[in-house]
Amino acid sequence: MAMRRASIVEHIHDVASLDHHLMPNNIAFNVKVAPGPNDSQSDAVGHMTGYARTFFQENGMQMQFNVVSTETLRDAMRNPELYPTLMVRISGYNAYFNDLNDDMKRELIERAEHRLGA
Amino acid sequence: MRQPFIADIKRNSLDDGPGIRSTVFFKGCPLSCSWCHNPDCIRAAPELSSRQPSCIDCRDCLSACPNGAIGPLGPLSLDRGRCRRAARCVEQCPAGALEIVGRRYDLDELTGALLRDRSFYRNSGGGVTLSGGEATLYCDYAGALARQLQEASTHVLLETCGHFEWERFAAQLLPHLDAIYFDLKLADPAAHERWCGRDNRLIIENLDRLIDQRGTGRPEVLVRIPLVPNLTCTRDNLEAVAELLRTRGAECVALLPYNPMWIPKALALGRPAPEQPGDRWLDADELALAQAVFEDFTVL
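These protein sequence lines are chains A and B, in that order. Numbering-wise, my numbering puts 83 at position 83 of the first sequence, and it's gapless, one number per residue. Numbering-wise, my numbering puts 316 at position 198 of the second sequence, and it's gapless, one number per residue.
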């Protein structure tokens with residue numbers, strides 16, 4: 001059977017359906033979205049608003065966006081001096097990408113990337 | 119009511135209309151454009167797709183097939199004439215390289231599947247897009263689907279090549295559409311027949327009929343032009359299409375740059391990739407040419 005990669009809307013339905021009362025130590029739902037080169041800002045913001053609003057209407061608790069492409073993160077790992085101000089969202093806090101250790105950088109790079117438009 | 123085969127339901131569609139949408143891909147198209155980005159939707163019947171890069175040469179498919187359709191080279195020697203879509207090979211393949219494209223949905227089942235994401239549509243100004251293939255081959259089914267979706271407060275957009283029988287379309291599907299993306303490829307009828315399988319006479323007649331409906335509360339129509347290197351993205355063709363649109367008072371167009379990502383899909387269906395168009399992306403000069411020709415339009 002062919003495996004089909006789930007889209008962000010399926011992730012949102014699934015995470016929002018979890019019972020947060022069973023997770024007293026918090027839940028971290030980290031989503032990386034990558035705006036495409038042809039996206040207008042209002043389109044990108046509109047889509048992200050749609051994702052967040054639906055998540056919370058379906059009783060989701062916490063959602064964190066990283067709006068950066070995997071390509072940028074890979075390049076920042078190779079050439080940190082070119083990205084002194086690059087910030088990323090971890091789990092409930094921000095950090096400068098360059099301050100993270102390699103394992104954390106790799107984890108951010110490997111988080112599933114959802115393209116915001118083509 | 120003839121039930122179509124549906125190739126796919128793509129959730130989180132951001133490029134097939136406004137907002138966050140789900141796109142339904144109907145199988146079957148009256149055209150057969152040589153650059154078709156959805157080659158698995160040209161034929162109406164279900165078909166076996168075999169992705170060679172995933173194949174591990176185990177030949178389990180050969181022994182699984184009850185119709186003797188798979189030969190000694192595995193899927194490379196698939197005899198599509200013998201294939202009855204039993205799908206035993208699909209079940210057996212350990213690499214997940216095989217798939218039957220196209221399944222039927224009862225109307226209510228399809229509506230239900232599409233309404234799973236109704237909150238996303240509502241929160242983003244999105245909805246459902248009917249695409250493929252050509253949904254207008256199934257006006258009664260597509261119309262009933264669109265009506266159910268509209269009754270559930272869902273925006274419905276049709277993507278069409280424009281080649282359809284007007285009377286049935288106007289009676290069964292048009293009343294239930296909020297918007298239409300109308301693709302226009304080649305202005306010259308002979309070139310259209312050469313590269314798309316039929317001439318463009320009916321397409322242009324239908325465009326005229328739809329434009330006549332403007333301002334009557336009918337669906338908004340946006341003309342889209344696929345920019346295919348050497349075939350549609352030439353000065354001659356683009357200027358002819360632009361003039362055709364100007365005489366009809368069209369002010370907005372969408373330009374769709376060609377990409378070669380459909381080629382692996384065609385190969386998986388056992389179709390050779392045609393020499394034209396090639397496997398390169400539309401380049402910056404070609405895009406600039408198209409934008410210059412349509413300078414006096416609003417390009418979306």
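Hints listed in this document are in silico derivations from the structure and should not be mistaken for laboratory results. The beta carbon of each residue, even a glycine, is placed where N, CA and C say it ideally should be. Do not rely on the hints blindly, as some may be mistaken.
As the list claims (entries may be wrong) - Partial chain A-side listing against chain B, Cβ under 8 Å, derived:
| id | residue |
| --- | --- |
| 1 | S7 |
| 2 | E10 |
| 3 | D14 |
Unchecked claim - Here are some chain B residues pointing at chain A (derived, C-beta under 10 Å):
| id | residue |
| --- | --- |
| 4 | Q121 |
| 5 | R129 |
| 6 | N130 |
| 7 | S131 |
| 8 | R206 |
| 9 | T229 |
| 10 | A231 |
| 11 | L233 |
| 12 | F238 |
| 13 | D258 |
| 14 | Q331 |
| 15 | T334 |
Evaluation of the provided hints:
1. S7: holds (4 Å)
2. E10: With Cβ-Cβ at 7 Å, under 8 Å, it holds.
3. D14: D14 (chain A) check fails; min Cβ-Cβ to chain B is 12 Å, beyond 8 Å.
4. Q121: For Q121 (chain B), the interface hint is violated, since the closest Cβ of chain A sits about 23 Å away, which is over 10 Å.
5. R129: Status holds, d = 5 Å.
6. N130: holds (4 Å)
7. S131: Result: holds, 9 Å to nearest chain A Cβ.
8. R206: violated (13 Å)
9. T229: Status violated, d = 17 Å.
10. A231: violated (12 Å)
11. L233: Hint violated; L233 (chain B) Cβ to chain A Cβ min 12 Å, cut 10 Å.
12. F238: Holds - the Cβ of F238 (chain B) comes within 10 Å of chain A, reaching about 5 Å at its closest.
13. D258: For D258 (chain B), the interface hint is violated, since the closest Cβ of chain A sits about 29 Å away, which is over 10 Å.
14. Q331: violated (28 Å)
15. T334: Interface hint status for T334 (chain B): violated (29 Å vs cutoff 10 Å).
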